[in-house]
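Top to bottom, those sequences are chains W and G. Using the numbering used here, you'd call the opening residue of the first sequence number 1 and step up by one each time. Using the numbering used here, you'd call the opening residue of the second sequence number 1001 and step up by one each time.
Be a bit skeptical, because a hint or two may be false.
[Stated by the list, open to error] What the simulated footprint calls covered on chain G by chain W, stretch by stretch (three residues with Cβ under 8 Å from a Cβ of chain W suffice, anywhere in the stretch; the number is not a length):
#1 1048-1060
#2 1152-1166
[Said to hold, decoys possible] In the DSS-like style, the derived pairs of lysine-lysine whose C-alpha atoms are separated by at most 25 Å in a straight line are:
#3 Lys1143(G) / Lys280(W)
#4 Lys1138(G) / Lys1115(G)
#5 Lys1115(G) / Lys173(W)
[To be verified] Now the in silico label distances, taken between C-beta atoms and shown as ranges:
#6 Arg101(W) / Thr1002(G): 42 to 52 Å
#7 Asp1055(G) / Lys280(W): 31 to 41 Å
#8 Ala87(W) / Arg1254(G): 50 to 60 Å
#9 His1204(G) / Phe15(W): 47 to 57 Å
#10 Asn1205(G) / Arg101(W): 38 to 48 Å
#11 Thr182(W) / Ala1075(G): 17 to 27 Å
#12 Val1080(G) / Ala87(W): 20 to 30 Å
#13 Lys1138(G) / Val266(W): 42 to 52 Å
#14 Arg196(W) / Ile1181(G): 27 to 37 Å
#15 Arg99(W) / Asp1244(G): 41 to 51 Å
#16 Arg1254(G) / Arg101(W): 45 to 55 Å
I should point out that these hints are in silico values taken from the structure, not numbers from a laboratory. Ideal Cβ positions, reconstructed from N, Cα and C, are used throughout, including at glycine.
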Amino acid sequence: MYRHYKERIVKSVLFISALAAIFVLGLITVVIFSEGLPLIAKVGLFDFILGAEWRPLAGIFGIAPMIVGGFYVICGAMLLGVPLGIACAIFLAEIAHKRIRAVIRPCIELLLGIPSVVYGFFGLVILVPIIREHFGGPGFSVLAGSIILAIMLLPTVIAVSEDAIRSVQRTYKEASLALGATHWQTIRNVILPVARSGIMAGVILGFGRAISETMAVIMVLGNAPIFPQSILDPARALTANIALEMAYATGDHLQALFATGIILFVVILLSISLINMVQKRDMA
Amino acid sequence: MTNKIETINLSLWYGEHQALTEVSIEIQKNMVTALIGPSGCGKTTFIRALNRMNDLIEGVRISGEVLLDNEDIYADSIDVVHLRKRVGMVFQQPNPFPMSIYDNAAYGPRIHGIKNRGKLDEIVERSIRAAALWGEVKDRLNKPALALSGGQQQRLCIARALAVEPEVILMDEPCSALDPIATTKIEDLIQDLKKEYTIVIVTHNMQQAARVSDMAAFFMMEEDRAGVLVEYGPTSQIFTNPEDKRTEDYVTGRFG
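So that you can see chain G by itself, here it is in the shape it has in the complex:
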């Protein structure tokens, strides 16, 4: 097993509020790692620290390290644009751009300089196929993406992320706005994608974490700080035989 991402004593503050507390974790390549925990525990903050989306928020302060292939992504020498190309993201609400399906999938490659129509066609088809959406949209690639159903929009967002050929895909509660059937499709897709990508997924849904993930990390908040990593290990162990009492209480539904 190889580490794809490693955080070392990662702490993060929004102004005075500490949202991550010395998180050290090793995320393995070609595996699905689920981040679970109650609302406000810092899961989303953690996942957004992995592609530096927190940079957009004013007053954020970070200490510790985040290593991607053993390279600190917060080092001065790191190009954030290049980092985000390597670490893609799928958001909680499906957020396709108000353009055609084709233009959504082609957005990433285009901004990274691919202009050749044939090449773009190929990337668009490959990534939409990889997101298990091709059969449903291949005849209407020029139709607006916003006309798709929520589940289709979310798969298009996954396709859009895949089109820039990332190494890691971060998913922030990707199914929370979807119905159960659409959720199943995304979960199946995650299983396919882990062959080629490293996936980190934030989820509120315990069953989902149990179904899709290989590794699970349980976060909690304490009185004056959040983002405390309580336990991290193989999903089966976290759900059936947790070491920490708090993990057990959470996964058995006693709180949260």
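Isolated chain W, as found in the complex:
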């Protein structure tokens, strides 16, 4: 009898915990949408997303420059970080000696734990001056943002991809080698295709980290809400838009920041759905 009672208590505690998580998430979602949607309704969804000017004090709310600027920064970060990350994952999983891996892998996991302000500070002090001196422009630029974000998404891409590559059954590898394939042919033709969905998940998680990053991009991007004309121009990310202006925003302006949050929310939701879709398709 006593045991039965205990069982029920444990079950209800776990149920309440799960409920609490959902409740908090639901609350945040409701607040963001109820604060942001009125403004989107007032300005119009298309004018909000496609509007080229962001002059909140004049009541003009267009976030297109930030969408475009953020898009450039993220594309750059993915172009730099993803191939490097996958290459590193292949090295760790397939080529590196056990002892080398035992050193590198914990370092990579440590990189995940470094606060983003530290990455941003590194970018501000080291990267921005280098870009200013060697490539011109103010230094605060799409290029600086891309490089910093690439460094930040590397550990995620590496860790998840390496696990995916390692989990490829040994029998596939043996079958390929036994047919006279070289190690590299085996990696390219068998191991990577089999690990593809796991690697994709790593890439998309890296993307999620990049798009939600705020602090580091504020510190190196220059934050001008204009369309960048080249990778040496400053830009502003959506996340930065909220962080920079929240301290003094009121009324419509405050709602416009929440509306920016809605757009971010939707983009991230879509990318998570994409992960699930890719993985489900590969399971089938």
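Based on the hints, put chain G in the right spot on chain W.
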């Protein structure tokens, strides 16, 4: 009779553990040689020494020689990739790649540089036919190999090995994951294949060894070492009139 493979005092250690002990054996061309013995006796280690699959395992040490057509395959001058092309392997668990049936059979030829579609079609058809699978799959070559039954998958793996035109085929308990009907098909296939290939098969199943092999080698482990070759000879002799008491005990089912 010609020797295809000859091992001379072949010993192998995994770290401190000795897994093969001075094995000397002559494997004859166009014959089926069965390796039998209790679990852990070193049969699989021995067969994997013949195409250097043990190279993949860390801490493996080898002494002695393995001659393929009188050439030591552990010599520095040997290209392992080329060796494995000549000595193909079929594994215990059917392990087709998660690709189409066609791509599985074409995998070997493709990595060895054949790109011409017509030539690939021809090789794929020839090797799948040789593995007695053509009738069952010819209309669905582009379907995933993993959708085939276990027995069909294993024959596809044999086809995949045949497609690179090996001289020797090593089979490591190829039927242990299959049902009796699928097993019969593979055994019949082995009989066909020995006309053109030299086959070495590891098996746990005494009846299977008696049915398919021409020569049989009985391995055992001792207290501190494994891979001791107890007796080697024509299968009929090993099963009906073994010289060694231990062989007799094993083949009559007294242990193991």
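Go through the numbered hints given earlier and state which of them the structure violates, listing their numbers in rising order.
-> Structure breaks no hint.
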